[in-house]
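> In case you want the letters, here they are:
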Amino acid sequence: MKAVVLGGTSGMGRAIAQRLAERGDAVFLLGLDEPDLERSASDLKARHPKHAPIGYALCDLERPEGFAAALDAADSALGGFDSVIVTAAMFATQDALEADVELARRLVTVNYANTVVFCEHARKRLLSRGGGRLTVFSSVAGDRGRKPVAIYGSSKAGLSVYLEALDHKFHAAGLSVLCVKPGFVKTAMTTGLKPPPFAGEPDRVAASVVRAMDARKPVLYAPGIWALILLIIRWLPRFVMRKINF
Amino acid sequence: MAENLETATYGAVLCRGLGRSYGDSSLPAKASDKVVATRLANRILHFDPSTGVLRAEAGVSLVELNRLFIPRGWFSPVTPGTKFVTLGGMVASDVHGKNHHREGCFGAHVRALRMRLADDSLIECSPAEHADLFYATIGGMGLLGHILEVEFVLHRIPGPWVWMESERVADLDAFLAALGEAAPKWPMTMGWIDCLHRGRTMGRGILMAGRWAEPGEVSAEPPRPTREKSVPFEFPNWALNPFTAKAFNAAFYWRHFRRHFKGPIAPEPFFYPLDAIHDWNRVYGARGFTQYQCVLPRAAGAAAVREFMDRLTKLGAASPLCVIKDCGPEGKGMLSFPLEGTSIAVDMAVSPDIQRVVDSLNEFVIEAGGRIYLTKDRFTRPAHFRAMEPRLEKFLAVREKWDPQRRLRSAQSVRLFGDPV
Numbered sequence: 001m002k003a004v005v006l007g008g009t010s011g012m013g014r015a016i017a018q019r020l021a022e023r024g025d026a027v028f029l030l031g032l033d034e035p036d037l038e039r040s041a042s043d044l045k046a047r048h049p050k051h052a053p054i055g056y057a058l059c060d061l062e063r064p065e066g067f068a069a070a071l072d073a074a075d076s077a078l079g080g081f082d083s084v085i086v087t088a089a090m091f092a093t094q095d096a097l098e099a100d101v102e103l104a105r106r107l108v109t110v111n112y113a114n115t116v117v118f119c120e121h122a123r124k125r126l127l128s129r130g131g132g133r134l135t136v137f138s139s140v141a142g143d144r145g146r147k148p149v150a151i152y153g154s155s156k157a158g159l160s161v162y163l164e165a166l167d168h169k170f171h172a173a174g175l176s177v178l179c180v181k182p183g184f185v186k187t188a189m190t191t192g193l194k195p196p197p198f199a200g201e202p203d204r205v206a207a208s209v210v211r212a213m214d215a216r217k218p219v220l221y222a223p224g225i226w227a228l229i230l231l232i233i234r235w236l237p238r239f240v241m242r243k244i245n246f
Numbered sequence: 001m002a003e004n005l006e007t008a009t010y011g012a013v014l015c016r017g018l019g020r021s022y023g024d025s026s027l028p029a030k031a032s033d034k035v036v037a038t039r040l041a042n043r044i045l046h047f048d049p050s051t052g053v054l055r056a057e058a059g060v061s062l063v064e065l066n067r068l069f070i071p072r073g074w075f076s077p078v079t080p081g082t083k084f085v086t087l088g089g090m091v092a093s094d095v096h097g098k099n100h101h102r103e104g105c106f107g108a109h110v111r112a113l114r115m116r117l118a119d120d121s122l123i124e125c126s127p128a129e130h131a132d133l134f135y136a137t138i139g140g141m142g143l144l145g146h147i148l149e150v151e152f153v154l155h156r157i158p159g160p161w162v163w164m165e166s167e168r169v170a171d172l173d174a175f176l177a178a179l180g181e182a183a184p185k186w187p188m189t190m191g192w193i194d195c196l197h198r199g200r201t202m203g204r205g206i207l208m209a210g211r212w213a214e215p216g217e218v219s220a221e222p223p224r225p226t227r228e229k230s231v232p233f234e235f236p237n238w239a240l241n242p243f244t245a246k247a248f249n250a251a252f253y254w255r256h257f258r259r260h261f262k263g264p265i266a267p268e269p270f271f272y273p274l275d276a277i278h279d280w281n282r283v284y285g286a287r288g289f290t291q292y293q294c295v296l297p298r299a300a301g302a303a304a305v306r307e308f309m310d311r312l313t314k315l316g317a318a319s320p321l322c323v324i325k326d327c328g329p330e331g332k333g334m335l336s337f338p339l340e341g342t343s344i345a346v347d348m349a350v351s352p353d354i355q356r357v358v359d360s361l362n363e364f365v366i367e368a369g370g371r372i373y374l375t376k377d378r379f380t381r382p383a384h385f386r387a388m389e390p391r392l393e394k395f396l397a398v399r400e401k402w403d404p405q406r407r408l409r410s411a412q413s414v415r416l417f418g419d420p421v
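Chains as they are written, first to last, in full-length UniProt numbering: chain A, 1 to 246; chain B, 1 to 421.
Keep in mind the hints are simulated off the structure, nothing from the lab.
Built from N, CA and C at the ideal position, the CB exists for glycine as well.
List of simulated lysine-lysine pairs, DSBU-like, C-alpha gap at most 35 Å: (1) K217/A to K2/A; (2) K45/A to K34/B; (3) K181/A to K34/B; (4) K45/A to K332/B; (5) K314/B to K246/B.
Residues of chain B clear of chain A, computed beta-carbon distances all greater than 12 Å: (6) A112; (7) E124; (8) E181; (9) P215; (10) R224; (11) K262; (12) P269; (13) P273; (14) T290; (15) D310; (16) A345; (17) E363; (18) Q405; (19) A411.
Same shape as in the complex, but just chain A (with noise of 0.2 Å):
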């Protein structure tokens, strides 16, 4: 595989990269911060028991008109690319978002309008050369409108849409689209909320998401348990909801 990993030098992105370079993937890094990214990418070279190329360049999901050339970059560094992973994205608490509309703008476009741009950009270079993988991480706070993501949850919740319907349209082209839906794991995002019993480590979701991955799934719930507990809550009555804080 030849991967392009935006927001692959932390937190999900991070693991998702360097489990691919152990088994001999070309892995290039899309990310905000240079040093962050050169250290990210002496990482993914000293794991990496083949030397297959391994390469990074700036990207800045608030900068769209950037897209193009990072991903151009991408393409001569590796030779091409035939699979995307977008882990990048914006994360607040709702009472910052609430207490800050411009908080809230940036985060909405980041997670949603940029974020879809990016997959766009992504989705022709794939197509061009007969399909591929997508894989981008939305969240559980997509599935439901609940009290403590309102905000953040409704980005979320357009870009699941966004990928099921992208999976739809272009799956007989050669395009498989994966939307990981991860429930709480302990990344650096998370550090300060209170991990619930369930909380995923960083590890053992990026295993399951490149099995996924590799299996060509649609839709990745990650940790697996994710995927009861959203059941019932999708079908859990708004009066229900209304009275309950989760």
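Keeping the supplied structure of chain A fixed, place chain B upon it in accordance with the hints.
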């Protein structure tokens, strides 16, 4: 929790890795202190396959390192008895392993450290550069500065299997003699003894010795990963009592039903027998447990070890686990634990009586000229520590130079060194 230690350690008082120290060395003295959890800082920055030199962020764990490098023919020069430890923790505790008599502590294989100091500046230190800082950091329990990056040398191994030979030994004298005999012959040795058995067979146990197996004597297949078990719930406090502890020990002893075992074994069960059972501590119930580990100098002889065991059983410190090890010469880390002699480690349930037990054991250790292991300590008194640690003055002088305000501190340093809270 932080991925970027360089930004996260700014203004922090302590770093914490995987939190497997038995005592309070990775805990803050007060809740408002900023402690950085390092385990997400897990990038390997450089590996040179021609020399084995590896540089990595301090949060890289031994689990990860083993997973990546054993298949490629490399292994950490020194490994403690758990793989749930970070590189930063291995430096701060200057961990020792089954090969201490050959390879010394982990610190002996460290070439350089990148650190954030108490004044928030960044610095690189090594045996040549800021040597005082370097040697005080090795075994210095994270009190000299935050360890950001560790550069050390991996050892080449011939394959992914360990060749182990073990034997059942009937009593303590025979045990110590066998341990002494095995040390020059084997790169790795350790023993488990039944410290609950009294009288003639006190100190019966199992002696284990090992070396990396050559490709010719084992199967070409790498060992299959074993399914790890875990303790699903906390046991009630009464579950572990002198009777069950005795039963456990007898079972452990007789499980080794042949007098001798000889053959290949996977590295995991050899190096980390207890890691196979996750959440092992739950056996001790809600009161928890600690460990007591001390080293008695060679000069004190086998008599001191026997006397220590005697005192332990008389104090009623029932323990299902007692590990004994032969240590080589003292290392260069200013507060490193090992000392040429015999190290003894016992698990202890935390009980209202524990302070008295630890005090009494410490008094014996001081008399014998030994010392305790800070990584496993929770109950030692400052006066006792001072009495067993002639190197303390020098260590404190180096601390005075790099952190005169004692900004970097842990619950343990407040307790033992009187740091300001």
